[in-house]
Amino acid sequence: MSASTSFALLANATCLSMSDVPEWPVPDLVRATGVELDRGARLCAWFGVPEGNDVRLVAVIAFDADNTLAVARSTPFRGEYPALTATHSQAHLFEREVWEQHGLKPAGHPWLKPVRRGSGGAPVNGEFFRVDGREIHEVAVGPVHAGVIEPGHFRFQCNGEEVLHLEIALGYQHRGIEGALIGGPHLATMSQMETIAGDTTIGHATAYATVLEALAGSEAPLRAQWLRALALELERLANHTGDLGALAGDVAFLPTAAACGKIRGDFLNLTALICGNRFGRGLVRPGGCRQDLEPARASALLEKLRPSLKDVDEAIAWLWDANSVRSRFEGTGTVFTEQANTIGLVGVAARASALVRDVRFDHPAGWHRFAQSPVAVWPGGDVSARAKVRCLEIQRSGTFLEEQLATPPEGDIRTNLPAPNPDSLAVALVEGWRGEICHVALTDATGCFRCYKITDPSFHNWTGLALALRGQAISDFPLCNKSFNLSYCGFDL
Amino acid sequence: MFTIDTIRHRLQRGCQTMSYPDGPAPALPDRHGGALRVDGSKCAEGCSTCMQVCPTRAITRPPIGPVALDLGKCIFCAACVEICPTKAITQTADHRMAVCRREDLVLGQPGAEELRLAVALDDKLRKLFGRSLRLRQVSAGGCNACEADTNVLGTIGWDLGRFGIQFVASPRHADGLFITGPVSRNMEVALKKTYDAVPAPKIVIATGACAIAGGPFIGHPQINDGASALVPVDMFIPGCPPHPLTILDGLLRLLGRLKQRT
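Respectively, the protein sequence lines represent chains A and B. Those letters in the first sequence? Residues -10 to 482, per my numbering, in order. Those letters in the second sequence? Residues 39 to 300, per my numbering, in order.
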């Protein structure tokens, strides 16, 4: 990393003047990014910024072991460039996106298709990958699924029960969030950030607030950072608990399914205790938080948290006690460590494939500079490992909350932010409950957004689900899908 | 051992389903605020403070007269409540918000300070659906919050099944649609096909600010500003997302399953 000269280094939740971001002809940028990825960096974001009639590419990468991020850009260009995907598959969706949004063609991309673009009331799915043969059949599922869930399309190539290939086609949820941010922030921006993925309200809202604070060269008061950290762990608790219940339900183990459904609601109600909304809407604002967690409210929270943690602990114990559950979880939907690394998995899915990746630990910002939990990692890469990581994180989030609630920092909850720096770039990473949330903002000469790039963890991880299904029985798809539980709207934006 | 343990835990936990609607409704969180109330007569002349802070432009004010707050567009951020200098906009802490007509969500005029709650389906439809309502849920650009708090109704605490209401996998098995999300352009075909696949007579429930009017994304060219653009809607349930209690109240209200006092 230290030998890196092609990139400018910056820490999470900080800002750089655009003039300090190194500029390279695009083939050099692609080559330099590839070199860093080979040395162990990860691609956090890769996107285009219009510049007159041309477009610049911007690369944001993370050196996890060095706790630092790095950014570089290309000179403005049009037309073709040598695809990074050809050598580094973790770039494949980013390059499809750049091609769709800006018409820059990554030459050598093996599967260049639209990501979200629609036509005639549906996304342009293009041709699906097909396996030919007399014994092969194709299964199409969605966009409307059998359940109260978001829409997406899954196309399976099967030989009997066995899935040879799964292609995932999304875009149904596209609401135009990134486009609407240009020239912003607008009045509706904060609410849109809270609904990028509604189950990750705190995660995305914190990333957005952090970006604005970094652009202003400021940060939220410590007490607000503390409260955001608490809310982030409550969000994790609620979602992990819900996921474990759903996993139990998918293998017909009803005691845990029933209990976790209820306990998940109990955790959501704790977020509502802080701010009135079960998903944390209205809590996080640039410059701090909107509501305070006064001592009496904090004690009430702790009092309600403890029995819920005990309940979930018990429900998890039933799950692992059951032979029937273990035999369905183990060896199902495996993503090997090397695969996970190659495609750039993040979050729970990465840690369940033995990759030590956690923004709270690798790139601590906000309150996580002062208080940390051990990273929860499990080997195996199967459904069982993904469930285990969730179980560990439930315990650790619980401990974190109990410790932090006992030692609140004093002070204000909100501060007025100075205007954002003009012609600057800010990056914020947040470890949401699914994994790494990455927000990158570029400002223009007046300090308004020129470009705002959002990368939900699902953007990295949907490919992981596709790989997990290879060689699996198609009947295990719901279980594998639940074990990832990725966001459709967070991907579609 | 495992089987005995399971039975023991089950007995220990007992019945966790709430007594509502026979008993009292569970309390909303104290900071939730519930439905809004707008007393237009309190609006100061020429004041438009609330309009300037509303992220979804849910508040308008004609040249003459009080403000009009459209609770269908409202995402309940309460910015207007905080800023209103004359306390014309207030929170009621009332969880009941479902209405049958879109215009019943517009607050502010004399006599229309609060929303006009939904009435039950007519006798014929109630005879069909009153004791057994099967809904096909379609998320069309929903952020998974409305979806999550709808799923909650299926958990043991709420147990939607006890009212004969169930979310089903196939539109062919359904009596109606339960739509969330602003109806993204990319879901138009899927939503229309699903609607067409539900046998008549059918009902449509639009849940959440997005499905009613586009929510935080109102005006984006990639969405339709709500379900009404594509299908006729019989019930609107406001919120961002609506509290599970608000959704349940709406469903029971539609089926005439709530006693008069509520």
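By construction, these hints were calculated from the structure, which means they are not laboratory data. Glycine included, C-beta positions come from ideal geometry on N, C-alpha and C. One thing to keep in mind: the hints can contain errors.
Have a look at the derived ranges for each label pair, beta carbon to beta carbon [as the list claims (entries may be wrong)]:
| hint | chain 1 | residue 1 | chain 2 | residue 2 | range |
| --- | --- | --- | --- | --- | --- |
| 1 | B | Pro270 | A | Pro398 | 52 to 58 Å |
| 2 | B | Ser208 | A | Arg106 | 27 to 33 Å |
| 3 | A | Gly173 | B | Pro100 | 41 to 47 Å |
Partner residues aside, some chain A positions facing chain B, computed with beta carbon under 8 Å [as the list claims (entries may be wrong)]:
| hint | residue |
| --- | --- |
| 4 | Thr76 |
| 5 | Gly107 |
| 6 | Gln162 |
| 7 | Pro174 |
| 8 | Ala177 |
| 9 | Met179 |
| 10 | Gly254 |
Each hint tested on the structure:
1. Separation of Pro270/B from Pro398/A is about 53 Å and conforms to the stated range, judged on CB atoms against 52 to 58 Å.
2. In this structure, Ser208/B and Arg106/A meet the distance hint of 27 to 33 Å, their C-beta atoms being roughly 29 Å apart.
3. Range check, Gly173/A to Pro100/B: about 29 Å between beta-carbon atoms, so the 41 to 47 Å window is missed.
4. Among the interface hints, the one on Thr76/A is violated; its C-beta lies about 32 Å from the nearest C-beta in chain B, farther than the 8 Å criterion.
5. Proximity of Gly107/A to chain B holds as hinted, the smallest CB-CB distance being about 4 Å (cut-off 8 Å).
6. Because the smallest distance between the Cβ of Gln162/A and any Cβ of chain B comes to about 5 Å, under 8 Å, the interface hint for this residue holds.
7. Nearest Cβ of chain B to the Cβ of Pro174/A: about 11 Å, over the 8 Å cut. The hint is violated.
8. Satisfaction of the interface hint for Ala177/A is found here, the shortest Cβ-Cβ separation to chain B being roughly 4 Å, below the 8 Å cut-off.
9. Because the smallest distance between the Cβ of Met179/A and any Cβ of chain B comes to about 7 Å, under 8 Å, the interface hint for this residue holds.
10. With 8 Å as the threshold, the beta carbon of Gly254/A comes within range of chain B, its nearest partner Cβ sitting at about 6 Å, so the hint holds.
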